[in-house]
Amino acid sequence: MYYCGKYPIIEKKTLAKGVYSYIIDADEPADEAQPGQFAMISAPNYTLRRPISICGIDKERGTLRFVFEVRGKGTEEIASLTEGESLDVLAPLGNGFRIPDGKKIVVVGGGIGVPPLLGISRCSGELCTAILGFRDYSKIILEDEFRENGSETILCTDDGSVGQKGLVTFPLAEVLEKGETAAVMACGPTPMLKAVVKMCELYKVPCQVSLEQRMGCGVGACVTCSCLTVRNGKEFYSRVCKDGPVFNAEEVKFDG
Amino acid sequence: MVDMSVRIAGVEFPNPVIAASGTYGNGECYTELYPISKLGGISCKGMTIEPKLGNPPPRIAETPSGILNSVGLQNIGVHGFIEYYLPTLKEEGNVIIANVAGATIDDYIAAAEALDASNVDMIELNISCPNVKAGGATWGVTPEGAADVTKAVRRATSKPLIVKLTPNVTDITVIAKAVEAEGADALSMINTLLGMRIDIRTRRPILKNNTGGLSGPAVFPVAVRMVRQCYKAVNIPIIGMGGISTWEDAIEIMLAGACAVQMGTAIFTDPYSPLKVIDGIADYMEQNGIKSLSEIVGQCQEW
Ligand SMILES: Cc1cc2nc3c(=O)[nH]c(=O)nc-3n(C[C@H](O)[C@H](O)[C@H](O)COP(=O)(O)OP(=O)(O)OC[C@H]3O[C@@H](n4cnc5c(N)ncnc54)[C@H](O)[C@@H]3O)c2cc1C
Ligand code: FES
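Chains as they are written, first to last, in our numbering: chain A, -4 to 251; chain B, 91 to 393.
These are computed hints drawn from the structure, not numbers from a lab. Among the clues, some could well be false.
[As the list claims (entries may be wrong)] Heads up, simulated BS3-like pairs for lysine-lysine below, C-alpha to C-alpha not over 27 Å straight-line:
#1 B:K128 - A:K1
#2 B:K180 - A:K237
#3 A:K1 - B:K366
#4 A:K237 - B:K142
#5 B:K298 - A:K68
#6 A:K68 - A:K99
#7 A:K189 - B:K298
[Unchecked claim] Residues of chain A placed beyond 12 Å of chain B at every Cβ, according to the derived structure:
#8 T9
#9 S37
#10 T58
#11 G67
#12 G69
#13 G79
#14 S81
#15 D96
#16 C118
#17 G158
#18 K160
#19 E196
Just so you know, even glycine gets a beta-carbon here, dropped at the ideal spot from N, CA and C.
Could you build the full structure based on these sequences and the hints that come with them?
This is the structure:
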């Protein structure tokens, strides 16, 4: 089931400059939501809803959490909402991550690709290692929350201002080298995803990636959100909203 | 309860609100929100005789009060549609309209013949898709092209035939008359207006196809004007579309001459918008003592 309606914002926080966290009171969607799924959030005065990942699900309290960055006009409108006002949300949409039971996993996030991974860390706790990359010190978000879930958390920044300097693939190689990882799940900019997928191929570890594409409906009806995929040697466009946003990495043709 | 039913080419719709082709898939997606039988009808995703891959992404961009799309008719082919989607659609929906496109006349004929043998209720000829290189709108921009396709498909099927017109022409009434003369039972209009957006940072078009079709509230006044022109030029019924998002829009385009409406882009903004429009029309009829919507079709009094 999808739900579409206005849900009250019960908590709004600023996590970094231009990055906001909203918690909404949304019993029914929360009850069905899975880590890695997303919502289409309406931006007041704009035609298209904005796709934003579900960052947190609290089934007991009946709440959903979103963490997003202001990129353009629509997210700016959404960011201008305040506690007590409501968020017009269509959710939960798409396929989430497939988290293997009782096995060690690694999540790799880059920048605003980090929020959808927090739900995995929440489920897997100590079994999850999080490798989080940010441009610099000022962009770091959610790191402490991964740690609170019991997940070993490795930080990387492009400029080395905090954590390891450089790409997430260096610590990823070190973790995969141990040979204990059952699956890798990644979300972030395309160059990062490509590098992560390559590394996983090298170590023969299955990898799931969460993709982004411009969307119309969010529910699979308009076929605008396509990404090139390949199955049984056949290339075709899949819908990021309905067939994804989480895909098995070997199915995705990044340069398509 | 007021009687909102409308009859088009002998087909009865329980209410005048139809989902527009390309925005509603084949009905399967929105069943997760509400029963699709609430809509008067569904115009299915544009289909071609062979499956089609579609254009590379990005395929959608936002515009002031609207969107541009360049999907390029990605679909699983007419036979796939008949096999996988049609049975459920017929069971769960009201009037089912197959929207058909093609590159050649033979493509259109083959698709129409296959659909003729199926239980779709109507065929909507798409001679107006701006996003494919061969075919599509190239048929719809000349009266000869539009007439040729209509004539060929008319021979290939006895199903009620709607022809969907493109606004990207100098005089839409000439095309409307040409397809009426070749046996079209109804018109639907308007398809999208050809548009373009450029990212000023990268100096690249936002759409990988460079151009795309404009829809949404931005095009509504153009749709009203064109429906009005065609209402005065032809005698077959018109299904109005182009940026309808409220019940007031629906009444307005009916006053211009449409006897039913299709909604598309508005569904992206609010998936419940077609249901809100249906309720709004019902209230309007009740408050104004309207017994049948035919009482208002075309009843705009021009200055
Ligand atoms: C499945 C999915 C999950 C996402 N999760 C998050 C998240 O948790 N947090 C977060 O900050 N961002 C997330 N994004 C990216 C977010 O959707 C865009 O940053 C946002 O749509 C930009 O809107 P805007 O109004 O600020 O930009 P504008 O440039 O004004 O937007 C114009 C249009 O382009 C679309 N668009 C622009 N950039 C993107 C993009 N990168 N992906 C998809 N559509 C885009 C917009 O939705 C809108 O339709 C996600 C995207 C997808 C597809
Ligand atoms: S956004 Fe419409 S199909 Fe994915």
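We went through each hint and held it up to the structure:
| no. | hint | verdict |
| --- | --- | --- |
| 1 | B:K128 - A:K1 | holds (22 Å) |
| 2 | B:K180 - A:K237 | holds (23 Å) |
| 3 | A:K1 - B:K366 | holds (16 Å) |
| 4 | A:K237 - B:K142 | holds (19 Å) |
| 5 | B:K298 - A:K68 | holds (22 Å) |
| 6 | A:K68 - A:K99 | violated (40 Å) |
| 7 | A:K189 - B:K298 | holds (21 Å) |
| 8 | T9 | holds (26 Å) |
| 9 | S37 | violated (7 Å) |
| 10 | T58 | holds (21 Å) |
| 11 | G67 | violated (9 Å) |
| 12 | G69 | violated (8 Å) |
| 13 | G79 | holds (22 Å) |
| 14 | S81 | holds (14 Å) |
| 15 | D96 | holds (27 Å) |
| 16 | C118 | holds (24 Å) |
| 17 | G158 | holds (30 Å) |
| 18 | K160 | holds (28 Å) |
| 19 | E196 | holds (24 Å) |
Hint violations for this structure: numbers 6, 9, 11, 12, all remaining hints satisfied.
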